[in-house]
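Go by the hints and put chains B and C onto chain A.
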Amino acid sequence: MTTTTFEPKIVGFLCNWCSYTGADLAGISRKKFAPNVRVVRVMCSGRVEPSFVMKAFESGADGVVILGCHPGDCHYAEGNYKTLRRYPLLKKTLAQLGVEDERVRLEWVSASEGDRFAAIVNEMTEQVRRLGPFHQNRGKNVKA
Amino acid sequence: MEERRIGVYVCHCGSNIADTVDCAQVAEYAKDLPNVVVSRDYKYMCSEPGQNLIKDDIKQNKLNRVVVASCSPRMHEPTFRRALQDAGLNQYFFEMANIREHCSWVHTDRAAATQKAKALVSAAVRRVYHHEPLEAREVPVNPNVLVMGGGVAGIQAAIEVADSGNLVYLVEKEPSIGGHMAMFDKTFPTLDCAACILTPKMTIAGQHPNIKLLSYSEVEDVSGYIGNFKVRIKKKARFIDEDKCTGCGRCQEICPTKVASEFEQGLGQRKAVYKPFPQAVPNKVVIDAVNCRHLKGRAQGKDICRICQKGIPNKSIAGCETGAINFDQKDEILEVDVGNIIVATGFQQFDPSVIYQYGYGHLPNVVTGLQFERISNASGPTNGEILLASGKKPEAVAILHCVGSRDANYHKYCSRVCCMYSLKYSHLLREKLPDADVYQLYIDMRCAGSGYEEFYERLQEEGVNFIRGRAGEITDTAESPEEKDKLIVLVEDTLVRRKRRLPVDMVILSCALKPRADTEKMARTFGLSRKADGFFLEKHPKLDPVATVTDGVFIVGCCQGPKDIPDTVAQASAAAARALALISKGKVEIEAATATIDEEHCAGCKVCIELCPFKAISYDETKKVSRVNEAVCKGCGVCVAACPSGAIKGKHFTDEQIMSEIEGVLV
Amino acid sequence: MSKPKVALYWAASCGGCEIGQLEIGDKLLKLAAAVDIVFWPVAMDVKYKDVATMADGNIDVCLFNGGVRNSEQEHIAHFLRSKSKIMIAYGACAYGGGVPGLANLFNKELIFNRVYLETPSTSNEQKVVPLTSAKVAEGELTLPEFYDTVKTLAQTVKVDYTIPGCPPEERTTWLALEALIEGKMPPEGAVISHSAKSVCDDCPRQRNVKKVKKFYRTYEIATEKDLCLLEQGLLCAGIATRGGCKAPCPQANMPCTGCYGPVEGVVDQGAHFLSAVASVIDSNKPDEIQKIIEDIRDPVGTFYRYSLPGSLLRRAKV
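Chains as they are written, first to last, in this note's numbering: chain A, -16 to 127; chain B, 445 to 1111; chain C, 92 to 409.
Only chain A is shown next, with the shape it has when bound in the complex:
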């Protein structure tokens, strides 16, 4: 009997100027990494609101990663600082809702960091794989 490995589905919110370009660079460099992260492009990581993260989980994601420009490098000067402000409170709320810490990550990836992008994807995929599907342990009477 073969056991099917759980393939996590991870949504990645990438900002147009730094992290999306960094991910493109990983592609141009033909880096190979896990196919589990699906990218949603935003102009700035500051556009990413907590509702998006919750929507991702509600829609079937097992993990969410938010990637933005390094602090100080934001194309819009301070957008990523707003992401930085929201993230700890979002994590604190999610922790209270029993969402495991490794399921949501915020990382800074510059346009030249293709390697870093690949490494983050691989690392996160394995972490979430170990945690199992998001919709376990959510009790009965909830739409899965």
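The hints are simulated quantities; they were obtained by calculation from the structure and are not laboratory data.
C-beta: ideal position from N, C-alpha, C; glycine also.
Worth double-checking, as some hints may not be accurate.
To be verified - 20 Å max Cα-Cα, derived SDA-like pairs, lysine to any residue: (1) C:K376 - A:Q110; (2) B:K983 - B:R1022; (3) A:K74 - C:N375; (4) B:K975 - C:D373; (5) C:K302 - B:A976.
Unchecked claim - Label-pair ranges, simulated between beta-carbon atoms: (6) A:A102 - C:P295: 18 to 28 Å; (7) C:K302 - B:N909: 27 to 37 Å; (8) B:K1067 - C:P278: 21 to 31 Å.
Unchecked claim - Which residues of chain A face chain B? A partial, calculated answer using Cβ under 10 Å: (9) K(-8); (10) G10; (11) K14; (12) K15; (13) N19; (14) R21; (15) Q110; (16) L114.
Leaving out everything else, chains B and C in the frame of chain A:
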């Protein structure tokens, strides 16, 4: 709602995508997605035949939304948007799925890559359903330029713009232009006299037909956006009719009120009616309302003094001959329209009195760099002789580097110019006092400009004592007969590992260049951000050092960070060139994917207002709602994400569009 | 013409909505004259079986308050839905789950353990917990099944209108009832309130600059009367809550807790409140930010006080 008819095109990109992703299968899959009426795969979508596939389908199949699954949108989004436009469809009715850089090029398992490609296409299809038509706007550019600050940076920028034939408003807070450079004695490394190289430029700036010099004036408010700024300027009352004043200076001679001179850094005095320095531009006097006896008396209903106006008749001393004195003058408010703004407001010298152990302010003969410039300057309070407060000449002088700089307690950064001007002071001291001992206490010697290292070598040969160490304290407590009546500098000479006590007569503190006290207010007025060190933030530290996040506003000179005169002038020229480039184009395109506030749902909670890096959001007091200036908005979406009422819509990145994309990407 | 028939029911709720309904005061007489109340367990001695004999759609309007967290409530929700032409979710519990919805941080096992076994004042040696059925000498006793998860009314049956509030303010209740009496209901699906904007629109306090360096619990500071409570560091939900209540709480020096649910158009009230609160933190340094949010002791309780079941995630993982 209009029926959506979506066309999906899956590109092979030769073998780049097709080798890993089964494009035909993806196209087949897309056929069954909601609202998809056409789904094709093709070898090279960006090629002309590929684009024609789309254009033909738009016309024949009445498509009103298009998805192309191919390379990164950063590559070909403009290409396909143009194709839509050519076919008569709004270019924003388009979405791309990146199945090359993010899929075929980075995954090896064909099944997994194909599955991921399907998910990305599904996301794009669901997103594009919600796309709305948007238009990129073009606005005209006003050819006038505002230069804020009349130091060497502002003067240079103003002259360059004016020489091209455009009108410049040069606004300077002080009664004269010239800034800090006008205070200097000589400039390093060439030892040019600062006034000699600056005053010709000041004169040009004062007389140029295209420069409207607004001295003793301040910018109160700036509104608008690139190409179309409205600036409100307050021209403070000089109490002098500038058209009548000839700058003869008689009023200054006979005025009975003496106060400390700001230009002389407190070392000399001026009168209540004064010219800040002899070569002032404009060459007019100004009456200081705070100290003028007559103006102070007016506030109490008295009419006293007026000697500048009336003279002293019983001593046959005449007052102003042209009748230029006007005590009834009021501040004037001007409103000007400009297309570009160049901010050149300069720096402020660090006040070393906070470093109590250096004695500034309570020990005699401890002076700052700018004070020494005035002492050494031939038109300064000591006529260029290096003298102590007692009037005697110093036998030994110590120069302390990095006062307030490279210091975690005050400013972490290096002020860049202090090593060089400290060397300059050593030279001036050795020149004017050949028998005096000169000590330079440094941490590192930073001499990185053209001729700078050579200047350092020269000073070493001139017999200056270089001690590597940061002074710990200046004290007047003598511990031996040689130290009596001296200032003793306590320093660890780190190269010989010995603590030393240097008995000197004068200490010069090479103080940090710091951001001006009013930078916060100015940042607000001009929509500028500041760096962690307090100086204004440039758009990109390497690739765009004069532009700022507010299009049309440039920063030059020390207000952006400490720098020397050559770099300041270069930056000023750069900003002038940028402004001129915009003026020559005559129009500028405004971002289409901006934020917009739905006034039916905005309660005016003001959560968004402070969040905008571009100060694009304002509050309407009458309607009690917030409003986005879409000409200034860059579309970052920070406010959209923060709005607790969901009243702000981020065009082309709406909640609906992104939520649909999230749903689609998780199939 | 016969008077419209009205049913009122209470599910997982506190009884406050019943008081809320009575708050209309003398307008009650107007209501009594205009309608026929056919089912109201708290106030009338009408039995379930009396309603069961009615034809489907016989009841014109059902005002249903309380969330659905056991099988009986689920059953009656479906039952009344079939018997009623119009189903109205009355109050925060029916709308978003209400305060009882915070039980979604736990599950049945954890709740039963706490309530029946662990509480300090409980003595339950035999570890007796409620069962869905138990055989006793006289026969079989049954109890409804207790769910792990609280659901909103709309997650259970189709809801035609919502009247928000905990309880709805008198003016909000009357706005809906008057519309019913006069036959002038708003478009289907509407949340009925005088305002589509947040409570800030109702609130008279002055708003200046939203930058918060420290958050406080309500008892920790004496607030200034005329200044925005959020700007003073209190976690006032008014920014993310539908208005129409005329902001009684901020005017009584208490921060709004969010009982009218999200502003028109917003799905997840808590996520929007969270985002706004975090965005106005006056710092860009991670350790400083971490310290500032330490004062937000109970994020879910603060941001999702009335709306956890109705939110995107609905409940916690346990």
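A quick look at each hint next to the structure:
no. : hint                         : result
1   : C:K376 - A:Q110              : 27 Å, violated
2   : B:K983 - B:R1022             : 13 Å, holds
3   : A:K74 - C:N375               : 17 Å, holds
4   : B:K975 - C:D373              : 16 Å, holds
5   : C:K302 - B:A976              : 18 Å, holds
6   : A:A102 - C:P295: 18 to 28 Å  : 54 Å, violated
7   : C:K302 - B:N909: 27 to 37 Å  : 51 Å, violated
8   : B:K1067 - C:P278: 21 to 31 Å : 26 Å, holds
9   : K(-8)                        : 6 Å, holds
10  : G10                          : 3 Å, holds
11  : K14                          : 6 Å, holds
12  : K15                          : 6 Å, holds
13  : N19                          : 8 Å, holds
14  : R21                          : 4 Å, holds
15  : Q110                         : 19 Å, violated
16  : L114                         : 17 Å, violated
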